[in-house]
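Chains as they are written, first to last, in numbering that gives the first Met the number 0: chain A, 0 to 201; chain B, 0 to 201.
Errors might be hidden in some of the hints.
[As the list claims (entries may be wrong)] Subject to a maximum C-alpha distance of 30 Å in a straight line, what follows is the list of computed BS3-like cross-link-like pairs (lysine-lysine):
| id | chain 1 | residue 1 | chain 2 | residue 2 |
| --- | --- | --- | --- | --- |
| 1 | B | K35 | A | K10 |
| 2 | A | K167 | B | K2 |
| 3 | B | K2 | A | K2 |
If you're looking for bench data, these hints aren't it; they were derived computationally from the structure.
Number of protein chains: 2
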Amino acid sequence: MDKYPSALLEKAVSEFAKLPGVGRKTALRLVLFMLKRSENEVDAFSEAILRVKQDIKYCKVCHNISDTDVCPICGDKRRDGSVVCVVENVQDVMAIENTQQFRGLYHVLGGVISPMDGVGPGDLEIDSLVDRVAEGQIKEVILALSSTMEGDTTSFYISRKLSSFGIKMSAIARGISVGNELEYTDEVTLGRSILNRTPFQG
Amino acid sequence: MDKYPSALLEKAVSEFAKLPGVGRKTALRLVLFMLKRSENEVDAFSEAILRVKQDIKYCKVCHNISDTDVCPICGDKRRDGSVVCVVENVQDVMAIENTQQFRGLYHVLGGVISPMDGVGPGDLEIDSLVDRVAEGQIKEVILALSSTMEGDTTSFYISRKLSSFGIKMSAIARGISVGNELEYTDEVTLGRSILNRTPFQG
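Kindly produce the complete structure, drawing on both the sequences and the hints.
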C-alpha cells in the first residue's frame, strides 16, 4: 500500500481509481494533472460530471440518453418510424449513426440478458419494446446485439416476445469484416458468411 | 466527429477527454459508468476533486504535497535532516519511501529543466533548495532525477549552484536493474554499471 503525503490527495486518488480501467498509479497521475490545471478548469470538470448525472434524461420512446423527453432521433419526422433497430446501449446508437446507413429509429435495451451478472429480461427495456410494437406502426425490428452468448440469448428472447405480432424480424449480418483476409477469419464467422451469402453486385 | 445524443453528455465526455491518456471513446465509457453510479457516489467523486484542488497545500520546507504547512516527512524528528534527496515530483517521493531505504528528507523540484517545454530553472524549486543548504544543517544532497537529458541537465545545474557550499553531492546509482539479464540491458547502462562497479559483498 502506497503512503500518500496527503489525505486529500489519497481521497481523490481513491475516487479516480474507482473508474473502470483506472488503477491507483493512473489515478495519481490524473489527480496530479488536475492539480496543475486552473481552478476554473477543475470547476468545469466537476460541474460537467454533476450536471450529466443530475440533469440527463432518457428518451421516453427509445430510452436513449437525451436532453429532452423525446430524443432528436425519435423526434425527427424525416426518419422511418416503421423500422426499429434494437441495440444494447448508447455507444451502439452512435456507432450505427456514424455509418449513415440507417434512417429508422432505435430502441436501447440498456444491456443484454446475462444471468451471470444478474441481469434478467425485467432489468432491460424489453416490455417497452413490446408496447411500441403493439401500437402497430412498426413493420420491422432489426436485432443489432453483440454476437455473444448473452446477445444471442437476448435476441432469441425478444424474437419470441414479438412473434405474435407478425412483423418482419431481422438481425444484422454476421460475416467477415470489410478489409479482412479470409485466412485470418475465425471459422465460425467464415462458416456463417458462406451460409448467409448475398447476391453478388459486380 | 461523433454525434452525441445529448449536449450534457458531450460536455462531460469532452471534460474527461482532456485527461492525459484518455481519448473520446474511453471518456464516453467513463461518463456512462458515472451515469450508472448513485448520485451520492458521483457527488463524492466531484467533491474529492474540487477539495484536492482548493485545499491542498505544499510543504514549505520540501514543497511536497501536504495537508499541513510542514509535511509529515519534514516534521518527523526521527529522520536525518542532514541528508536531502532532490526529486522531480510527489510520485518519486512515494516511490523512494516505498523502498524504506532512505531516512533523510526530500526536496521536490516540481519538474526538471526542459527548454523544449518552456521550463527553466526559475520555474522549479531550485532557489529554495539553495536557501535550505545555505542554512548549514545539510551535509549531503542526493540527486535522484530521471536518467534523461533533462534530468541530467537539472542535476548539473543544481550541482553548480551548490558547489560553493562544500557539501557532499551524490547521485543515485545507474546500473542494470535487479532481476534483469545482462544481454537485454542497453549498452550505455551496462557500460556505466561497469565503470561504477561497487565492492562485492558475498
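**Prompt:** Given the proposed pairing of K2(B) with K2(A), does the C-alpha separation stay at or below 30 Å?
**Reply:** 43 Å, violated
**Request:** Measure nothing beyond the straight line between the CA atoms of K35(B) and K10(A); if it is 30 Å or shorter, mark the hint as holding.
**Result:** 21 Å, holds
**Request:** Mind checking the alpha carbons of K167(A) and K2(B) for me, to see if they're no more than 30 Å apart?
**Result:** Holds. K167(A) to K2(B) sits at ~29 Å (cutoff 30 Å).
Going through the hint list in order, the structure does not satisfy hint 3, though it satisfies all others.
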